[in-house]
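**Student:** Residue numbers (UniProt numbering), protein chains in the order written: chain P, 1 to 445; chain G, 1 to 445.
A couple of the hints might just be wrong.
No distinction is drawn between identical chains; accordingly, a pair holds when it is met within one copy or between any pair of copies.
To be verified - Lysine-lysine pairs mimicking DSSO-like chemistry, simulated, CA-CA at most 27 Å apart:
1. Lys371 <-> Lys87
2. Lys372 <-> Lys95
3. Lys326 <-> Lys255
4. Lys337 <-> Lys319
5. Lys153 <-> Lys319
6. Lys2 <-> Lys153
7. Lys326 <-> Lys49
8. Lys72 <-> Lys326
9. Lys319 <-> Lys120
10. Lys319 <-> Lys423
11. Lys423 <-> Lys72
12. Lys255 <-> Lys375
13. Lys184 <-> Lys153
14. Lys219 <-> Lys85
15. Lys113 <-> Lys319
16. Lys87 <-> Lys375
17. Lys427 <-> Lys85
18. Lys337 <-> Lys219
19. Lys95 <-> Lys319
20. Lys381 <-> Lys420
21. Lys255 <-> Lys85
22. Lys2 <-> Lys326
23. Lys359 <-> Lys120
24. Lys2 <-> Lys319
25. Lys120 <-> Lys326
Just so you know, the hints here were simulated from the structure itself, not pulled from any lab data.
Number of protein chains: 2
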Amino acid sequence: MKTLQIGLFGLGTVGSSTVEILTSNRELLESQLGCTTQISKICVRDTGKTRSVDTSNSILTSRPEDILLDPKIDIVVEVMGGIEKSKEIIEAAFKNGKHVVSANKDLIALYGKELSELAKQNNCHFFFEAAVAGGIPILRTLQTSLTGNHINKISGIVNGSTNYILTRMEIESLSLESIIEDAKALGYLEADPSADLDGLDAARKCAILASLGFHNLVKSDQVYVSGIRNISLEDINQAKKLGYKIKLLAIAENKDRGIVARVHPVLIGENHPLAGVQYEFNAVYIDGDYLGQTMYYGRGAGGNPTGSAVVSDIIAIGKAILSQTKPELAYASMGNKDLIDIEDLDFAYYIRLVTDHDKLGQGGLVDLLDKKGLKIRSMDKTNRNLEISDIDKIPENTDLGQNLVNVDQFVIVTERVREKDFKKAIKDLEDISNSITVIRIEEDI
Amino acid sequence: MKTLQIGLFGLGTVGSSTVEILTSNRELLESQLGCTTQISKICVRDTGKTRSVDTSNSILTSRPEDILLDPKIDIVVEVMGGIEKSKEIIEAAFKNGKHVVSANKDLIALYGKELSELAKQNNCHFFFEAAVAGGIPILRTLQTSLTGNHINKISGIVNGSTNYILTRMEIESLSLESIIEDAKALGYLEADPSADLDGLDAARKCAILASLGFHNLVKSDQVYVSGIRNISLEDINQAKKLGYKIKLLAIAENKDRGIVARVHPVLIGENHPLAGVQYEFNAVYIDGDYLGQTMYYGRGAGGNPTGSAVVSDIIAIGKAILSQTKPELAYASMGNKDLIDIEDLDFAYYIRLVTDHDKLGQGGLVDLLDKKGLKIRSMDKTNRNLEISDIDKIPENTDLGQNLVNVDQFVIVTERVREKDFKKAIKDLEDISNSITVIRIEEDI
Chain P
1 MKTLQIGLFG LGTVGSSTVE ILTSNRELLE SQLGCTTQIS KICVRDTGKT
51 RSVDTSNSIL TSRPEDILLD PKIDIVVEVM GGIEKSKEII EAAFKNGKHV
101 VSANKDLIAL YGKELSELAK QNNCHFFFEA AVAGGIPILR TLQTSLTGNH
151 INKISGIVNG STNYILTRME IESLSLESII EDAKALGYLE ADPSADLDGL
201 DAARKCAILA SLGFHNLVKS DQVYVSGIRN ISLEDINQAK KLGYKIKLLA
251 IAENKDRGIV ARVHPVLIGE NHPLAGVQYE FNAVYIDGDY LGQTMYYGRG
301 AGGNPTGSAV VSDIIAIGKA ILSQTKPELA YASMGNKDLI DIEDLDFAYY
351 IRLVTDHDKL GQGGLVDLLD KKGLKIRSMD KTNRNLEISD IDKIPENTDL
401 GQNLVNVDQF VIVTERVREK DFKKAIKDLE DISNSITVIR IEEDI
Chain G
1 MKTLQIGLFG LGTVGSSTVE ILTSNRELLE SQLGCTTQIS KICVRDTGKT
51 RSVDTSNSIL TSRPEDILLD PKIDIVVEVM GGIEKSKEII EAAFKNGKHV
101 VSANKDLIAL YGKELSELAK QNNCHFFFEA AVAGGIPILR TLQTSLTGNH
151 INKISGIVNG STNYILTRME IESLSLESII EDAKALGYLE ADPSADLDGL
201 DAARKCAILA SLGFHNLVKS DQVYVSGIRN ISLEDINQAK KLGYKIKLLA
251 IAENKDRGIV ARVHPVLIGE NHPLAGVQYE FNAVYIDGDY LGQTMYYGRG
301 AGGNPTGSAV VSDIIAIGKA ILSQTKPELA YASMGNKDLI DIEDLDFAYY
351 IRLVTDHDKL GQGGLVDLLD KKGLKIRSMD KTNRNLEISD IDKIPENTDL
401 GQNLVNVDQF VIVTERVREK DFKKAIKDLE DISNSITVIR IEEDI
C-alpha cells in the first residue's frame with residue numbers, strides 16, 4: 001500500500017491546523033484515499049521555536065531543498081504566505097515533479113495562471129481551494145459543478161474582517177474606529193489593517209473568482225477597489241431605515257461588452273441572502289444562466305476552516321495520483337475580454353450630505369441635482385446635533401463653540417445613472433458641504 | 001478529436017433542459033471538455049408527441065436497446081424517473097460499459113449503493129448530483145471538498161414545494177389549505193401532493209445525504225418522517241412571536257452512538273441562515289469538525305437548475321473519460337452504525353393547546369406538566385374566538401351555536417426532554433383538549 005508523502009512549507013495557523021487534521025482524522029482520510037498519508041518534512045524559518053502542534057523535531061527543517069529535492073515526497077503544501085519566496089518554492093516543486101497545494105491568495109492572484117501552466121507542463125496537479133474564502137469550496141465548485149453554466153455574476157463577502165466590523169457596527173451601534181481597535185486586540189485584524197479595510201484582500205479574491213468563473217484572466221490590479229474606512233454608523237442606520245444593509249462586496253460580472261471586477265461597499269436589500277451573512281462569515285453568491293442563483297456560505301478564514309480546504313486538496317491530489325488522472329489546467333481556455341471601467345456602469349446611489357443648518361432646503365437641493373441630471377428616488381432631511389467628536393463630518397466653517405453643532409443632514413437615493421455622469425453631477429455639491437458620503441446601491445443581485 | 005456520445009432516457013422538464021443546455025452552451029462546454037458532445041439518441045415513451053425542444057425526429061426512439069446496445073454511446077443520462085424500469089436501464093447501461101448520469105432521487109435512495117457497486121465492477125462512472133437539491137452541488141461537495149472533515153450534522157431544506165408553502169403562509173398570512181390549492185395550480189405540487197407534504201421526498205434526500213456524508217448506509221425507510229399537514233398559520237404566527245420560523249428540515253446526525261436521520265417540521269431561530277431560505281429555494285447546512293458551519297443555497301428543483309446539475313455530471317464524466325480516470329465508488333467504505341430512534345433524542349418542544357374557555361388556568365397546567373416531569377421554559381395563555389371553519393381544532397364538546405367559539409389557547413415552550421418521556425407526559429393532555437399541536441425546536445444547529 002502506497003504512503004502519500006507530504007512536505008509542508010510553513011507551520012503558522014493554517015500549517016498547524018493542516019497537521020492536526022491530517023493527524024486526528026487520519027482514519028477517515030485514509031479510508032477515502034485508500035492509502036496512508038505522512039507528513040515527511042516541514043520547512044520553517046526557525047526550527048527551534050515552540051509549536052502548538054506536536055511534531056517530531058526530526059521532521060522540521062529550515063532548508064527548502066530538504067523537501068524540494070526529496071524524491072519520496074509527492075505533494076508540497078505551501079502555507080507560508082508571502083509572494084516571491086513562495087513562488088520560487090512552488091516553481092521548484094513543479095520542476096521536481098511534485099504536486100502542489102497552496103493557500104496563498106496573494107500569490108495566486110498575481111501568478112495563478114503562470115504557475116498553473118508550469119504545473120501542467122510538468123504533469124503536476126496544482127490546487128488552491130483555500131486561497132479564496134477559506135472553508136467555502138468555491139473554486140472547486142466553479143470548476144466542477146457549475147461547468148454547464150455561463151456564469152453571469154459573482155458577488156462575494158470574501159473578507160471576514162471587514163464583515164465582522166460592519167456587523168458589529170450594525171448590531172452594537174458602535175463606531176468603525178472603536179471596533180477596529182477591538183478587532184485588532186482580538187486578532188481579527190493585523191496591526192496594519194489596510195489590506196482588509198481598503199479592500200485589497202477582497203480585490204485579490206475577486207481577481208481569482210473572475211478569472212476562474214468567467215475563463216478570462218483578471219489581475220488584482222485591474223479590480224476597482226474602495227474600502228470601508230468612510231462608512232459610519234450613521235450610514236448603517238440610515239441604510240437600515242431605507243431597507244438596506246451595508247456590505248463590502250467583491251463583484252465580478254461577465255457582460256457581453258466586457259468583464260467587470262470591483263470591490264466596494266454597497267447598499268444591498270436587507271432580505272438578500274448576502275445581507276444575512278454576519279460577523280466573520282463569508283459567502284459567495286453566483287448567478288448562472290441555467291442554474292439561477294446559488295450561494296455558498298461558511299468561514300472564510302482561520303486555521304481550521306482553511307486547513308480543512310488544504311486537506312481536501314491533498315486528498316483530491318492523492319486520489320488523482322492513485323488513479324493516475326492527468327492534471328487539469330486550472331486557468332484553462334482563458335478568453336481575452338476587456339475590463340469595463342466602473343465609470344461606464346450604471347448605479348443608483350445613496351448620498352448622505354451634511355450642511356450648515358438652514359443652508360439649503362429640500363426643494364433647493366432637488367432643483368440643484370435635477371439641473372445636474374440627477375433624478376431623485378427619495379430624500380429625507382433631518383436637523384441634527386452632531387457631537388464634536390464627529391468633527392471630520394462637520395462642515396469646515398461650522399461654529400464649534402458648543403459640544404454639539406447643529407447641522408442639516410440630507411439622505412438621498414438617486415435613480416440609476418452612469419457613474420461618470422454621477423461624479424460630474426455631485427462635484428458641485430462639495431461647495432455646499434464638505435461632508436458627502438456616497439455609497440453605490442447594488443440592485444441587480 | 002473525440003465526440004462524446006450521449007443517450008438520453010426521458011424528455012420531460014429535466015430532459016428538455018438538459019438538451020437545451022448542451023445545445024446553447026455547446027461552445028463553453030466543449031472548451032472545458034476539449035472535445036465535442038452529441039446527443040445521439042433520446043428514448044421516450046411516445047416518439048410522436050410534440051416537444052418543447054427542437055430535436056430531430058431521427059434521434060427519438062421508444063426502444064431502450066437503441067441506446068443501450070449502441071456501441072458508440074459513451075454516457076447514458078437517465079431523467080425519466082420511476083424506479084424499476086430506470087433501475088433495469090441503468091443496470092443494462094453499466095453491463096454494456098456505459099457511464100451513467102441520473103437525476104432520480106427515488107431510485108438512488110433505494111438502490112444507490114447497489115448501483116454504484118455495479119458501476120464500479122464494470123469500470124463505469126456513475127454520478128447523480130441532480131438527485132439531491134437540484135442545482136445545489138451538494139453531493140460533489142461532500143465527496144470532494146469536505147473530505148477532510150468528520151461531518152457531524154447535515155440539516156437541509158430539500159423539498160422546495162413545502163418550503164414554498166410555509167413561506168407563503170408566513171408572508172401572506174394564508175392557510176395551508178389555500179396555498180396547497182394555489183401551488184397545485186402553479187405546478188409546484190403534484191395532483192397527489194403526499195410525497196411532498198408528508199415529507200417522503202425529503203426523507204429520500206435525507207437518506208442519500210446521510211449515506212454519503214457519514215459514509216454509513218441509511219435507507220429512506222429508516223428515516224423518521226413527519227410532514228407539514230398539521231402546521232397551521234396560527235403556529236407560524238406564534239413561532240414568530242417566540243423568535244422562530246417553522247421549516248421542514250431533513251436532518252442527519254453522526255453521533256458516536258449511532259446515526260440520526262429524521263424529517264419533520266422544526267422551530268428554528270429566525271436568525272439562522274436556514275430560516276432565511278424562502279419560497280422554492282433549497283439549502284443544505286453542514287457542520288464539519290474542522291470546517292465548522294457551511295451552507296449551500298440554490299434552486300432545488302425545476303428543469304434548468306436540475307438540468308444544469310445533470311450537465312455538470314456529463315462534463316465530469318467526459319473529463320474522466322478523456323483523462324482515463326478510474327471510476328470512484330460513490331457509496332465507498334460504508335460503516336455500519338445503527339440508527340438512533342427519535343424517541344431516544346432530546347428536544348425542547350413547542351406545544352399549542354386549545355381548551356374550552358376557563359377549563360384550566362396557567363398555574364394548573366404548569367402543575368400538571370410538572371407532575372409529568374415536563375419543565376416549562378415559557379407559557380402564554382390567550383382567550384380567543386375561533387372560527388367555525390377551524391372546527392377540527394376545537395375541542396369536541398364545545399358549543400358551536402355561534403359562528404365563533406370562545407376558547408383558551410396555551411402556547412408552551414418546554415425545556416429539553418427525552419422524546420419518549422415527552423410523549424408519555426403529554427398523553428394525558430389529550431383528555432383536557434382534543435387540539436394539541438407539538439413541534440420540535442431545533443436548537444443545536
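**Student:** Compare the structure with each hint and give your call.
**Tutor:** Checked hints:
Proximity of lysine 371 and lysine 87 under a CA criterion of 27 Å is satisfied in neither setting, with 54 Å inside one chain copy and 70 Å between copies. Neither within a single protomer nor between protomers do lysine 372 and lysine 95 lie at most 27 Å apart by alpha-carbon distance, with minima of 60 Å and 73 Å respectively. For the identical chains of this complex, lysine 326 and lysine 255 are neighbours neither inside a copy (33 Å) nor across copies (38 Å), given an alpha-carbon limit of 27 Å. In this assembly of identical chains, the alpha carbons of lysine 337 and lysine 319 lie at most 27 Å apart only when taken from different copies (26 Å versus 35 Å within one copy).
For the identical chains of this complex, lysine 153 and lysine 319 are inter-copy neighbours only, at 25 Å across copies versus 32 Å inside a copy, given an alpha-carbon limit of 27 Å. In this homomeric assembly, lysine 2 and lysine 153 never come within 27 Å of each other (Cα to Cα): the closest approach is 43 Å inside a single copy and 32 Å across copies. Within a single copy, lysine 326 and lysine 49 get their C-alpha atoms no closer than 39 Å, and across copies no closer than 44 Å, so neither meets the 27 Å cut-off. In this assembly of identical chains, lysine 72 and lysine 326 lie within 27 Å of each other by CA distance both inside one copy and across copies; the values are 20 Å within and 24 Å between.
Taking the shortest Cα distances, lysine 319 and lysine 120 sit within 27 Å of each other both inside one copy (17 Å) and across copies (15 Å). In this homomeric assembly, lysine 319 and lysine 423 never come within 27 Å of each other (Cα to Cα): the closest approach is 53 Å inside a single copy and 48 Å across copies. Taking the shortest alpha-carbon separations for lysine 423 and lysine 72, neither the intra-copy value of 60 Å nor the inter-copy value of 61 Å comes in at or below 27 Å. Taking the shortest Cα distances, lysine 255 and lysine 375 sit within 27 Å of each other inside one copy (26 Å), while across copies they are farther apart (59 Å).
With identical chains, the CA atoms of lysine 184 and lysine 153 are never at most 27 Å apart, being 33 Å at best within one copy and 33 Å at best between copies. In this assembly of identical chains, the alpha carbons of lysine 219 and lysine 85 lie at most 27 Å apart only when taken from the same copy (20 Å versus 52 Å across copies). Taking the shortest Cα distances, lysine 113 and lysine 319 sit within 27 Å of each other both inside one copy (23 Å) and across copies (20 Å). Proximity of lysine 87 to lysine 375 under the C-alpha cut-off of 27 Å is found in neither arrangement, the shortest distances being 50 Å within a copy and 62 Å between copies.
Taking CA atoms no more than 27 Å apart as the test, lysine 427 paired with lysine 85 passes in neither setting, with 45 Å inside one copy and 70 Å between copies. Proximity of lysine 337 to lysine 219 under the C-alpha cut-off of 27 Å is restricted to the intra-copy arrangement: shortest distance 13 Å within a copy versus 49 Å between copies. Taking the shortest alpha-carbon separations for lysine 95 and lysine 319, both the intra-copy value of 21 Å and the inter-copy value of 25 Å come in at or below 27 Å. For the identical chains of this complex, lysine 381 and lysine 420 are intra-copy neighbours only, at 26 Å inside a copy versus 60 Å across copies, given an alpha-carbon limit of 27 Å.
Neither within a single protomer nor between protomers do lysine 255 and lysine 85 lie at most 27 Å apart by alpha-carbon distance, with minima of 37 Å and 44 Å respectively. Both within a single protomer and between protomers do lysine 2 and lysine 326 lie at most 27 Å apart by alpha-carbon distance, with minima of 19 Å and 17 Å respectively. When the C-alpha separation of lysine 359 and lysine 120 is checked against a cutoff of 27 Å, the pair qualifies neither within a copy, at 66 Å, nor between copies, at 78 Å. When the C-alpha separation of lysine 2 and lysine 319 is checked against a cutoff of 27 Å, the pair qualifies both within a copy, at 12 Å, and between copies, at 25 Å.
When the C-alpha separation of lysine 120 and lysine 326 is checked against a cutoff of 27 Å, the pair qualifies both within a copy, at 9 Å, and between copies, at 20 Å.
When the structure is compared with the earlier hints, violations turn up for hints 1, 2, 3, 6, 7, 10, 11, 13, 16, 17, 21 and 23 and for no others.
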